[in-house]
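A.B. asks: Starting from the known structure of chain A, fit chain Y with the ligand onto it as the hints suggest.
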Amino acid sequence: MNEELYQIIHRAKHGDREAFADLVRRYKGLVFRYAMGMLNDRMDAEDASQEAFVKAFFSLSNLDNEYAFSSWLFRIVSNLCKDRLKKITKERMLVREVNETIVDTNFSDPLERLSIEEGISRLSVEHREVILLHDIEGFRYEEIADMIEVPLGTIKSRLFAARMALRKQLRGEDK
Amino acid sequence: MTIHPEDQLSAYIDNELSEYEKKQVENHIATCDSCQALMNELIAMQSDLKQAFYSIQEPADLEDRVLQSIEIEKESVGFIKGWLLIPFLAVLVICIIFFSIGGFLIKLIHGSFTLLTAMVYMISHFISSLPVFSGVTVVLSLTILTLSIYTLRRMFQTTTS
Ligand SMILES: [Zn+2]
Numbered sequence: 001m002n003e004e005l006y007q008i009i010h011r012a013k014h015g016d017r018e019a020f021a022d023l024v025r026r027y028k029g030l031v032f033r034y035a036m037g038m039l040n041d042r043m044d045a046e047d048a049s050q051e052a053f054v055k056a057f058f059s060l061s062n063l064d065n066e067y068a069f070s071s072w073l074f075r076i077v078s079n080l081c082k083d084r085l086k087k088i089t090k091e092r093m094l095v096r097e098v099n100e101t102i103v104d105t106n107f108s109d110p111l112e113r114l115s116i117e118e119g120i121s122r123l124s125v126e127h128r129e130v131i132l133l134h135d136i137e138g139f140r141y142e143e144i145a146d147m148i149e150v151p152l153g154t155i156k157s158r159l160f161a162a163r164m165a166l167r168k169q170l171r172g173e174d175k
Numbered sequence: 001m002t003i004h005p006e007d008q009l010s011a012y013i014d015n016e017l018s019e020y021e022k023k024q025v026e027n028h029i030a031t032c033d034s035c036q037a038l039m040n041e042l043i044a045m046q047s048d049l050k051q052a053f054y055s056i057q058e059p060a061d062l063e064d065r066v067l068q069s070i071e072i073e074k075e076s077v078g079f080i081k082g083w084l085l086i087p088f089l090a091v092l093v094i095c096i097i098f099f100s101i102g103g104f105l106i107k108l109i110h111g112s113f114t115l116l117t118a119m120v121y122m123i124s125h126f127i128s129s130l131p132v133f134s135g136v137t138v139v140l141s142l143t144i145l146t147l148s149i150y151t152l153r154r155m156f157q158t159t160t161s
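Chains as they are written, first to last, in UniProt numbering: chain A, 1 to 175; chain Y, 1 to 161.
Hints were generated in silico from the structure; no laboratory data involved. Mixed in with the good hints there might be a few duds.
To be verified - Derived SDA-like pairs: lysine to any residue, alpha-carbon spacing no greater than 25 Å straight-line: (1) 82(A) x 25(A); (2) 168(A) x 44(Y); (3) 74(Y) x 26(A); (4) 22(Y) x 7(Y); (5) 22(Y) x 157(A); (6) 86(A) x 169(A); (7) 50(Y) x 154(A); (8) 13(A) x 75(Y); (9) 168(A) x 47(Y); (10) 82(A) x 38(Y); (11) 13(A) x 64(Y); (12) 22(Y) x 87(A); (13) 74(Y) x 51(A); (14) 50(Y) x 30(A); (15) 74(Y) x 22(A); (16) 90(A) x 117(A); (17) 82(A) x 69(Y); (18) 87(A) x 40(A); (19) 23(Y) x 161(A); (20) 50(Y) x 127(A); (21) 168(A) x 36(Y).
Chain A on its own, in the form it takes in the complex (with noise of 0.2 Å):
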C-alpha cells in the first residue's frame, strides 16, 4: 500500500467524507465484481456493493490498522454477499414449496458449453468464494484464511477444490 492511499484510508477513517468517495473510486470495481461473482445478478450486486460501502462508512472508526483496510472491506462484502445468498436460498425454498413443478434454472445440460461467469455461479458458496478472493481480488492464501476465519491448509485444499470442480463444470461433465 503507498503512502497516498494510506493517507486516504486515515482522513476517511476520521470522518472526511471526500477521502471516502475516493475509496470508493479506487474499490468499487473490485467490490462489485466480487459481488457480481457471487450473486450472479447485476442489481444484486449493485445493492449489496452500495450497502457494503454505506456499512463500511459508518464502522470504519472501528478500524485498527489502515494497512488491513481492504482485507477489512472485502469481510465486509464477503459477509453481505452470503446473507444476501442465504436470503435468496430460503426464497427459492418457499417459492418451490408453494409450486412443486417450477423448472429448475441451475439445471445443467451435459452438452451445454458454459461461461466461465456461468461456471462460477454453478459452483458452491465456499468454493466461489476462494476463486474470486485469490484470483479476481488478488489475496493470498494467509489472508484469506485470516478474513473467513478458516485454516491456511483449508484455504488451499478448498482453492485446489474449487478449480476443479469449475472445470468440471467447464467441460460439461455431470455434477
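C.D. replies: Here is chain Y with the ligand on its own, set in the frame of chain A:
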C-alpha cells in the same frame, strides 16, 4: 504407481509453496505429462477467469449512490434520536398511572379474596351441615357474605372518590 501431487499444483501456480515443496512439484512435472497438462489447464482457466471478470463494468455512479445513502442514513439516525424522547415519555406516563392505581388494584384483589372465602365457607356448609344447624349456618354465611360485599363496596367508593 506414482502419486500425482495434484493438490500441490494449485498452490504451486499461486506461488504458495515452500521452497522444498516447490522443488518436489517441479521434479514431478518434469517427468509427468498428465500433471503438466493439468497445471497448464489450471493456468489457462485462471487467466480466462481474470479476463472475464475484468471486463465486467462497475456502475459509474456508485460513489454518488453511496454518499447519498450515507446522507439519508445520517438523517434518519438524527430523526430517531429526536423521536426517542416519545417512547421515553410514554414509559414515564405508564409508570405514573401504574403507581397511582396500584393501591386500588391491591385493594380490589384483597376484597375479591375475602368474598371468595366467604362463598366457599357458605357452600361447604350448605352441603355438609345437618338440618338442625343448617339454618344457623345459612344465616351466618349470609352475614359474612353481606359483610364482605359491604366492605368491598366501601373500598370501591373510597378509591373512586
Ligand atoms: Zn503426475
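A.B. asks: If a hint holds in the structure, say so; if it does not, say that too.
C.D. replies: Here is how each hint holds up against the structure:
no.	hint	result
1	82(A) x 25(A)	holds, 24 Å
2	168(A) x 44(Y)	holds, 14 Å
3	74(Y) x 26(A)	holds, 23 Å
4	22(Y) x 7(Y)	holds, 12 Å
5	22(Y) x 157(A)	holds, 16 Å
6	86(A) x 169(A)	holds, 23 Å
7	50(Y) x 154(A)	holds, 23 Å
8	13(A) x 75(Y)	holds, 20 Å
9	168(A) x 47(Y)	holds, 17 Å
10	82(A) x 38(Y)	violated, 31 Å
11	13(A) x 64(Y)	holds, 19 Å
12	22(Y) x 87(A)	violated, 42 Å
13	74(Y) x 51(A)	holds, 14 Å
14	50(Y) x 30(A)	holds, 12 Å
15	74(Y) x 22(A)	holds, 19 Å
16	90(A) x 117(A)	holds, 23 Å
17	82(A) x 69(Y)	holds, 22 Å
18	87(A) x 40(A)	holds, 14 Å
19	23(Y) x 161(A)	holds, 22 Å
20	50(Y) x 127(A)	holds, 16 Å
21	168(A) x 36(Y)	holds, 18 Å
Consistency with the previously given hints fails for numbers 10, 12, ordered from lowest to highest.
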